[in-house]
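Trainee: All chains, full assembly: derive it from the sequences and hints.
Chains R and A, in that order, are what the protein sequence lines are. Quick note on numbering: the first sequence equals residues 1 to 475 in the numbering used here. Quick note on numbering: the second sequence equals residues 1 to 475 in the numbering used here.
None of these hints come from the bench; they were simulated from the model. Heads up, a few of these hints could be off.
The list treats identical chains as interchangeable, and a pair is accepted whether it falls inside one copy or across any two copies.
[Unchecked claim] No farther apart than 30 Å at their CA atoms in a straight line, the calculated lysine-lysine pairs in the DSSO-like style are these:
| id | residue 1 | residue 2 |
| --- | --- | --- |
| 1 | Lys441 | Lys268 |
| 2 | Lys306 | Lys126 |
| 3 | Lys426 | Lys364 |
| 4 | Lys194 | Lys93 |
| 5 | Lys41 | Lys305 |
| 6 | Lys335 | Lys20 |
| 7 | Lys63 | Lys389 |
| 8 | Lys93 | Lys306 |
Here is how the chains run, residue by residue.
Protein chains: 2
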Amino acid sequence: MVEIMNLYQQVADELRDLIKQGTYRPGDKLPSIRQLATTRKISIATVQRALEELELRGLVEAKPKSGFYVNMPVGEAKILKTPILPMVPKSIKIHEFASQIFHQCDASNVINLGITYPAAHYFPEKILQQIAAKVVKTRIAEVVEVHFSAGNQELRDVLAKRLNEAGCLLNADDLIVTNGCLEGLALCLRAVAKPGDTVAIESPGFVGLFQLIESLGYKALEIPCHPTDGLSLEALELALEQWNIKAVAIVPTFSNPLGTNMPVENRKRLVEMLAAQSIPLIEDDLLSDLAFDGSRTKPCKAFDKKGLVLYCSSASKTIASGMRVGWIAPGAFYKEVSYFKTFTNISAPNITQIMIAEFLKSGKYERHLRYFTARLAQQMYRFQQAIEKYFPQGTRISRPKGGCILWVDLPQPFDGLKLFEHAIKKGIAIIPGQLTSATNKFNHCIRLNCACDPEVDIEKTIQNLAQMVNELLNN
Amino acid sequence: MVEIMNLYQQVADELRDLIKQGTYRPGDKLPSIRQLATTRKISIATVQRALEELELRGLVEAKPKSGFYVNMPVGEAKILKTPILPMVPKSIKIHEFASQIFHQCDASNVINLGITYPAAHYFPEKILQQIAAKVVKTRIAEVVEVHFSAGNQELRDVLAKRLNEAGCLLNADDLIVTNGCLEGLALCLRAVAKPGDTVAIESPGFVGLFQLIESLGYKALEIPCHPTDGLSLEALELALEQWNIKAVAIVPTFSNPLGTNMPVENRKRLVEMLAAQSIPLIEDDLLSDLAFDGSRTKPCKAFDKKGLVLYCSSASKTIASGMRVGWIAPGAFYKEVSYFKTFTNISAPNITQIMIAEFLKSGKYERHLRYFTARLAQQMYRFQQAIEKYFPQGTRISRPKGGCILWVDLPQPFDGLKLFEHAIKKGIAIIPGQLTSATNKFNHCIRLNCACDPEVDIEKTIQNLAQMVNELLNN
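Mentor: Shown next, in the form of structure tokens:
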């Protein structure tokens, strides 16, 4: 997984650090291309490439005939607040409603700012095509035959290697391949609890997790989140004293919908806190490769000494959603998860597993991620800028450092569902806050998918949305 | 789906009919090739091809320097008896044991007469390879992107067409694509019952169904089966009076393990009997394309007027087990099944769905089936002959008219599990009767997969098994 960094990337990183440290502040003009090339003794082309990289990442902006300027940090004054929630385990009844909304978001004539699958454009189609052609040509016997196994060995080998690099001590035999991350979460939930049991989750949280909890007949206990650090450990501690919690299920990295990234020390503390009471933690880590700056926060699994962390991830947000390849490191629950996997569908298809394995092994994954996260950062930045510009005073927005989800907290009273209903009629899909909690505390919020098709005119779309917001606020 | 039949096939069918009608009886010599060619005014090559076809189907045998003779029907005197069972709903605890056995069957150095997936050899690798290469080349965008749908439209269209031809009035919108048939059965079971409920199944029955029932916390009520007609409707009628049965789940066509084919009038009566009490029927129809004579018995679904039949099938036994493509026509339970499908894994991968759709549409499926079923019939016949020859007096064997599963009922007292343990040590995998019932009534039986690799020396393998059987009987 070692990669040689190009010179332009080194220069981009240096400039990024100078901006972070305040050497160049928002609004400042950067030195000219010629100056940068001279002082660093590098070519003009390299400087240009580095500045393009910074532009893609939303850190600087080119002004015609003038030069490159440091961007204003978006939403600095509009940071989210930690919500205060009454914590009571609740039966969930969100699915039917959610399902209707998703089907409308998925219509072909709609600008999808709703469902958080990246548009096909961002996926490495050409490379996957080459890999698939080779697999089909040389390994068709493997494609047609099924085996009673935890998944393709080659895929589990490369995943184990990557997880080791992320700080998790495990090997291929600790992994089970699934048909996507949602299947993984479902299997883990079935392995650790039974109908009627309470599972603690983030609030606002991932709608799919609410739906899974509903489909299994469990109860959800919503734990408040810090606006940048994710799950409030203090609130969880309190909840653990009050309630009989069978498991905790969270998205520590670029959470859905808040986009928070739980600090590594919190992860460690969370794992220890739960280990002390032998409570399993289901960790949904499917976005951790999508940090805008290429960093990777250690997953909770890295701190798991008792095998109580059930780690789930997938290639659906990073490589191809349509291939439905996910994986689980279920720790001490391996046997239970394997059992439920077998009686869900025996195993994942071979062709998709081999394709993902070959792609991860090809060395092209890192390059793809650099391209992809740069575009995601750019998309996110454009959304943030447009919202700043067009949405009403008092709007707060999240500032994720990775992933593709933006959270917009509108001035109350406001009804996210009404905005959904208006917007979908005009061909724009969003997710109303109603789908992110059973507490009704986030009904005034909306969730946006920034990884929409790059052909979408973001400014115009947000301007249209803002107009609807204003109409609703004035009615 | 219209196919032009070759001349040699017509001749083979005519000769088959003459044998069936008794014009040529077991042991009779057929007219010589020259005679057949002259009387029918066809070429010698065509007659030879027709006789080869009959030989493949196990109907005639070539004797060197003599000619073709009509085979003895196998096991005529050894027909199975309808077992008498106490019918009481039971909690199931079979999985751990079954799982251990399956993993041993799946080992690479073992002759697999256990797991009933056909060996890769029988699957149409070359055609699938061509189709896959084209899909990869021309439709990669569809491969990488996911949609919230009931499955690929093209696949559902062609499946609906085939089901219409089989007598089921339904269209593409009535179908949900699954990751294999077992997933389909699991989704249907979840849709019609809840933990603690009783589901009536065949006895002996399909081990996967027992395991599913166990994994869902349901109870199984085992209904006795007739040796050729399958589920005893009289016994089911009695059970319906006695117990609160939430659903019936059976394999009417080439059942597992008995290989029975429920007569069409029984299917009609079964559907009507259950409809009168509004009890859903889960129909596992995955082997119905594998009749040795190319016939197709109408599925129960064809008689379903109230939407109470949940029809499940897959391409895993007919086209490729490793692609994990199945489908459900859930009738009135569409909404529930769709709900559980979404929260199992959203949807099946696109590439495998498109490949199966293209194959079914190519017109090459019928040709493949003719090839495949001829080979299956031949394999089955060889197994039956070898068992007749080497197994002890008193052995009874099934005589399925399709599929790949053979059932061997050994003279009691005998322990199928002990035979498994001996055989696996010598590299031969079988399924002991213990996995086909929770009543212990079939512990003396074994189940064999006849679709093993064609390189397996059947006579020698059965001779080895027979030796172990005799040793066990004499101890």
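Trainee: It remains to establish, for every hint, whether it holds in the given structure.
Mentor: Going down the list of hints, with the structure as the test:
no. : hint             : in the structure
1   : Lys441 to Lys268 : within (29 Å within a copy, 54 Å between copies)
2   : Lys306 to Lys126 : neither (42 Å within a copy, 48 Å between copies)
3   : Lys426 to Lys364 : neither (39 Å within a copy, 46 Å between copies)
4   : Lys194 to Lys93  : both (17 Å within a copy, 18 Å between copies)
5   : Lys41 to Lys305  : neither (49 Å within a copy, 81 Å between copies)
6   : Lys335 to Lys20  : neither (47 Å within a copy, 52 Å between copies)
7   : Lys63 to Lys389  : within (18 Å within a copy, 90 Å between copies)
8   : Lys93 to Lys306  : between (34 Å within a copy, 28 Å between copies)
In the structure shown, a violation is registered for the earlier hints numbered 2, 3, 5, 6, in ascending order.
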